[in-house]
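Chemist: Below, each chain spelled out in residue letters.
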Amino acid sequence: MILYICSPHMQAPFSYRIREQQLWLSPERCIFWEEEKALILSDLHFGKTGHFRKSGIAVPPSVYKEDLHRLLAQIQYFQPRQLLIVGDLFHSRENNELDLFRRWRDDLSGVDVRLIKGNHDILEEDWYKDAGIEVHKEHLEQGAFGFIHDITEYTHCSSYCFSGHIHPGIWISGMGRQSLRFPCFYFGETYAVLPAFSRFTGTAAIDPPPGSNVFVILPPEPEEKTHIPRGRGRTASIAPPSAASRRRAGTILQIQ
Amino acid sequence: MNMLLQDTNGYKVISDWLSAEGRRPFAFQEETWTHIIKERSGLVNAPTGCGKTFSVFLGALIDFIDRHPEDYKTKGGNGLQLLWVSPLRALAKDIGRAMEEVIGQLGMRWQIGIRNGDTDMSERQKQKRRMPEVLIITPESLHLLLAQKAYPEVFRSLRIIAVDEWHELLGSKRGVQVELAISRIIGLKEGKCSIIGISATIGNLDQAREVLLAPLRSINAEFFTVRANIHKPIDVESILPEEIEKYPWAGHLGLKLIHRVTPILEHSRTTLIFINTRGMAERWYQSLLDVNPDLAGAIALHHGSVDMALRNWVEEALHEGKLKAVVSTASLDLGVDFRPVETVVQVGSPKGVARFLQRAGRSGHQPGEVSKIFFLPTHSLELMEAAALKSAMDMGLIESREPMLLCFDVLIQYLGTLAISEGFYPAQLFTELRSTYCYADMTEDEWNEILHFITAGGAALHQYDEFKKVEVMPDGLFKINSRRIAMRHRLHIGTIVSDAMLKVRFVTGGYIGVIEEYFISRLSPGDVFTLAGRNLEFVMIKDMTALVRKSSAKKAIVPSWNGGRMPLSANLGMMLRKKLDEAAEMLHGGIPRDIELQVLHPLFELQSALSYMPRENELLIEQIETKDGYHLFAYPFEGRLVHEAMAALLAYRISRHTPISFSFAMNDYGFELLSDQPIPVDDSNVYELFSPDDLTADIQRSVNSAEMARRKFRDIAVIGGLIFQGYPGEHKKTRHLQSSASLLFNVFSEYDPDNLLIRQAYNEVMDQQMEEVRLRNMLERIQKGQIVLRWPQKLTPFCFPLKVDSMREDLSSEKLEDRVRKMQAQLR
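In order, the protein sequences belong to chains E and Y.
Just so you know, we're using numbering that gives the first Met the number 0 here: the first sequence kicks off at 0 and counts up by one.
Just so you know, we're using numbering that gives the first Met the number 0 here: the second sequence kicks off at 0 and counts up by one.
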């Protein structure tokens, strides 16, 4: 089965109603909650590339900058009043990348930021306060919904809960007996799990029970690969697909 | 100096000692000694178990005695004289023991040291204070030596670098490690050191020598090659099934013939049973015990995932003749000889002539004895391979080992190694690196890119960036100053061979072995699998360890390890096509000399009746319709990797004209395309579809090269230091630095696609995965010959193994067996 579906409107958010609330699922891995004008996000892991690089592991630093840009673009598109972050906003302790975040945050003083703490959020209380981030230790109830980082640690949800933590993904089988895993939104009967917002995160395969709704975020189909015969080594080489073709946002596909 | 070897003091001492032992030097040993005393470099071509160690070691002693004729016996603390690089840790002990014996009997004061992953801290410290005269070392530990401060001191007195089993190292990244270390030592000593490689016979022996000695090219033009020319007769006997299955399928026949192995075990003191995959080895071990319960305790299992201590025990027991049989994978291919071994059984295709010879050579070590090897086919068609192997052996048709080129991952690791000890100056090192075979063609741009990668993390200068690894000192020295980074790098050296492996432990403690992460990631808690001959229930993964408990379950999943899926070699493929030709001739009344072909007569007859028996210059393509859809089978006999690429290429080329989708299957003999609509291949377009024109471009469009590159990237990321495995006992603190190779591959592909490690992954796909050169040769061969198209009414003996393989994916082995029986019944 081939599941690469690409439409010209692929960047458009996907409408989804639950508990009589209007949600918009964005292929940029976040949800806009229309009634509350809130952008719901999870697992941004800001500062992760910086920690790697400081330890001599040369991951490209542009991942982080692009994550910030994507978030800004989503804010400009949906015009939310608030960000509801269900944990792991930051990856670890302070580093220079968090200074960049602070500057970025200062430019967006009109938007409230509410963080439900995740296991990675280990900064000092004062740091969050100075950055204008309202911190909730365990969970938050707001309007029709509840918010929590790790759903398995909180069983007495009274309202429909949004969570993160596991970075959910789904195996999709494609051509030639290969299967690939893609990030997804999961909507169960009593709770939802968001995909990790950061591009520098892996996914954990989930096995959705019947009755749940899963929205898979498929990457855009790569353009025809260009090749540069380098004439090095024994054979010419294949050039990896160009950055531009890979970095477009994906498509959302629903599996029921 | 024109001195005859026989006139030297050293020779007299050594030959006196040998004759006192009742032995005489072999001609090739004397020849090598002559070269050694003349300080020449070169290659000794000799198989295991014929005195190759002494050809170099005794030469080094002669050289030493000559230089110290008066006090050679009393002179100790001479510093390192002979560096002995060996690919296997297991070899070190035995070689060291043999050397120490000689030293003892000569009454000399040389010390023999061993240095590898098993060497403990106190021993290392002792070596640091006083280097032994001989150091037996693995490539990884040699790099660790280069990571020590003041390492140039160690090599000051060094006379000879010997590289044992060079044929095994060549063609791997560990071979590249050896190339690099040698270039450094030769650079330090300004060429004043001999290099001697010891290699079994391979197809490209001259090239093997060139690769090893490359750093000496500019200094010393004259290299030697000494051939042992020791001919050891090999007797190959196929185990012929009582009844030839006309519809063969892989994997199944082997175990059915297990009762034929019992008498072989009875008639031989010790037998080695070689099996291609660890999974099948586990099953064979179990089945042998089921058939012969009295063998319990007298047979053992040996493969790469079995705990090291257990493997050592097995090897020890083999030496002492305590074991009746050992079921093994390639893990016992190498190494010293086990004298008690009288017989070898090869189960299934050995995939290549060289490997078959190597395995056969593991038996019959007493002088004048014959190496006895039985070939046990896992499906009837495989019997052809026994015939092909015999002919290839007669013709001396042995595979080449292609050296690896421009491995940037290994280079990045090496630069880190030098940066933590003495540091390096790039301009000087660049010249040294280009003296190696692997990096001879490295451009200045590539070199600068690598330096940028290790000093600036490959990114443009940025105020928020805190990248830190190699620092450039004010005098231009490249150095790692951070102790943490240095310590981590040391732990990293030596990770070259590993796949992503997880340790397997009991929940209650107790180590069992290691297993590929890939396999474990597909298990759910509660699943039962076998490892090291035990049934284990998977509980959970914790800190890179799979926790298990004992299980009494009858059924268990046998891990399918990634290793062991070596493709059929080009040489063996060619011989198979020749044998097929003889078989076709047989149907026209010829009588083949091989019993295997005669036995297969009914199968070939059926193939001919239903379809066609291809001749040597013909490619047979069969198109068959079944209830599964429309099949196209082709049989180039070029090995599974080439077939995989060819299947994708053909599918792509067909779909360019007609929109159609396929699924693929392949084995070492051919491949299958399956579609739900008729496949438009006939005489009008078939040559075009198999054309070598536009091959490179078409491959890139047809295969999912990104997925293949992702798999290759795993090793590259580990070697290149991108995967952080953590310090022992320090898992918690470093968890925030862990990531998977697959994630890194995504991130790099997306944000830094021109990164040189990503480029290397794609290059490795083309060179190793696609075997592009071989694919092109195949297409050119096909163009010169004939393509024969047939439309059989039902499945043929040739296509049957492929058809079964393609069903294997979605069925458990039990259900598969039922299905195959039914299919066989329908076809009768």
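If you're looking for bench data, these hints aren't it; they were derived computationally from the structure.
In this text, a Cβ means the ideal position worked out from N, Cα and C, and glycines have one as well.
Each hint should be verified, as a subset may be incorrect.
Short derived list, chain E residues pointing at chain Y, Cβ under 7 Å [what the hints assert, rightly or not]: (1) GLY49; (2) LYS53; (3) ILE56; (4) ALA57; (5) GLN81; (6) GLU93; (7) ARG102; (8) LEU139; (9) GLY142; (10) GLY201; (11) ALA203; (12) PRO207; (13) SER211; (14) PHE214.
Chemist: State for each hint whether it applies.
Modeler: Hints versus structure:
1. GLY49: holds (6 Å)
2. LYS53: Cβ of LYS53 of chain E sits 4 Å from chain Y, so the hint holds.
3. ILE56: holds (6 Å)
4. ALA57: holds (4 Å)
5. GLN81: violated (27 Å)
6. GLU93: Check failed: Cβ of GLU93 of chain E comes no nearer than 11 Å to chain Y, outside 7 Å.
7. ARG102: violated (10 Å)
8. LEU139: violated (25 Å)
9. GLY142: violated (34 Å)
10. GLY201: Given a least distance of 4 Å, the restraint on GLY201 of chain E holds.
11. ALA203: Interface hint status for ALA203 of chain E: violated (10 Å vs cutoff 7 Å).
12. PRO207: Nearest chain Y Cβ about 15 Å off; hint violated.
13. SER211: violated (19 Å)
14. PHE214: violated (20 Å)
Comparing the model with each numbered hint stated earlier shows that hints 5, 6, 7, 8, 9, 11, 12, 13 and 14 do not hold.
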